[in-house]
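**Student:** Construct the entire structure; sequences and hints are all you get.
Number of protein chains: 2
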Amino acid sequence: MFGQQRCQEIRLLMTRLTNFLQSTGWFSDSQLTDILSRFNTLEIKRKEHILQEGEICKRVAYVEHGSFRTYSVDDNLHESVTHFSFEDWWVADLHSLENQTPTVYNIQAVEDSTIEVINRNDFFSLMEKYPKFKDGHIQLVRRSHAAMMNRIQEIRFKSVEERYLDLIQRQPQTLQRIPQQYIAAYLGIEPQSLSRLRKRIFDNK
Amino acid sequence: MFGQQRCQEIRLLMTRLTNFLQSTGWFSDSQLTDILSRFNTLEIKRKEHILQEGEICKRVAYVEHGSFRTYSVDDNLHESVTHFSFEDWWVADLHSLENQTPTVYNIQAVEDSTIEVINRNDFFSLMEKYPKFKDGHIQLVRRSHAAMMNRIQEIRFKSVEERYLDLIQRQPQTLQRIPQQYIAAYLGIEPQSLSRLRKRIFDNK
DNA sequence: CGATTTTTTGAATCATATCAACGTACGTGG
DNA sequence: CCACGTACGTTGATATGATTCAAAAAATCG
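First to last, the protein sequences are chains A and B. For the first sequence, the residue numbers in our numbering are 1 to 205. For the second sequence, the residue numbers in our numbering are 1 to 205.
Please keep in mind that the hints were generated in silico from the structure rather than gathered at the bench. The model shown is predicted, which means the values in this text are computed figures rather than measured ones. Please note that the accuracy of each hint is not assured.
The list makes no distinction among identical chains, and a pair is therefore deemed to hold if it is satisfied within one copy or across any two copies.
As the list claims (entries may be wrong) - Distance condition first, Cα-Cα at most 27 angstroms in a straight line; then the derived DSSO-like pairs of lysine-lysine:
1) 45 with 132
2) 129 with 58
3) 58 with 47
4) 58 with 45
5) 47 with 129
6) 45 with 129
**Tutor:** In structure tokens form, the structure reads like this:
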């Protein structure tokens with residue numbers, strides 16, 4: 001019984017994406033094969049961009065391995081990191097993807113990474129073909145929305161120190177895998193200030 | 001021809017909600033009547049809450065007249081305003097509505113207001129019954145998501161002064177209809193700081 | 001009109017930005 | 001494999017903007 005399942009998984013290529021889609025229980029094996037056939041595996045080198053300001057988002061990626069940062073840059077060349085994406089995250093600019101308007105965000109690999117990529121047309125036709133796929137996507141948008149609301153609350157109510165401690169507790173991998181300057185840009189402070197903050201924290205311990 | 005249309009509108013009650021639903025062009029008159037029949041008109045007094053922290057969001061409102069603020073309160077009783085809602089806005093906590101989890105937000109009338117209210121079950125069954133109604137809702141969630149992303153960018157990149165000037169230019173009604181302390185809570189500063197900021201701005205002119 | 005809420009003003013304090021310089025780690029080509 | 005250059009992180013001094021506590025002035029409501 002498990003032997004057969006394992007065999008099935010191997011036939012479908014044992015990727016994190018496959019694993020995720022199977023875990024939802026929403027699709028039959030043939031549907032799974034159909035869905036997976038629309039994706040291509042891509043290797044992305046550290047510091048390479050998969051989306052840049054001004055472009056129109058034409059594809060959606062699923063992170064197999066590695067990490068990405070979504071950030072934007074203001075007139076004074078200050079960078080602000082919206083979020084980091086690790087294994088099993090979907091990565092895209094949903095707004096640009098939907099409306100086909102130029103994005104204001106940049107998405108860059110922080111480490112050498114591997115992603116599964118699907119282009120916009122295929123993504124949208126999957127949503128039309130499989131209602132569950134659409135529902136899943138809507139859920140994702142809703143969750144992103146809630147996460148953004150939450151983010152604003154945190155920025156408002158918590159000190160930078162609290163938010164830093166929260167971050168390294170909730171996502172210890174961030175500390176290990178993301179350079180400090182990007183973490184500073186995520187917290188909304190200058191790298192110098194994060195350096196001083198860390199000193200304060202670790203001296204008092 | 002226009003006479004007949006006007007007559008039709010009167011039969012459906014000439015509300016902003018009716019107007020909005022008609023303007024989408026998504027529904028026939030009988031569908032419109034069906035949809036509108038699920039809504040009830042409610043009068044909300046200034047400072048009255050239509051949702052409070054800890055409750056589960058069980059209804060969705062459309063603002064006919066008046067204004068609301070969505071805000072949350074931290075442990076030190078500091079209030080942060082997420083956004084203001086005026087005429088023709090949908091008002092609800094989408095996250096609590098969807099997941100039936102307790103909300104962390106409060107929604108309060110800033111002025112004496114009139115809203116059209118639909119309860120959760122009716123709202124969801126309308127989404128199942130009319131695909132266009134569901135699409136419209138998804139669009140709304142997506143737009144809210146983009147607005148929140150944008151909000152974070154603004155907080156990061158713009159000074160409080162810039163954001164204040166942006167606000168009163170983009171939504172002059174805010175300045176007229178919303179008390180200053182709530183505007184301060186929207187900008188993320190203390191009322192005292194906004195008062196000083198305003199003095200600085202108007203002295204330099 | 002009086003009572004309550006809202007806004008303004010003052011002084012002291014705190015956190016972060018900024019400019020500048022120095023140390024350290026990293027990986028790339030010789 | 002080492003040396004060099006570049007990118008990254010640390011530290012110092014100073015400046016700026018917002019907070020806090022306190023209290024007065026102004027506006028609003030019943």
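**Student:** Taking the numbered hints from earlier one at a time, note which ones the structure violates and give those numbers from smallest to largest.
**Tutor:** 1, 5, 6
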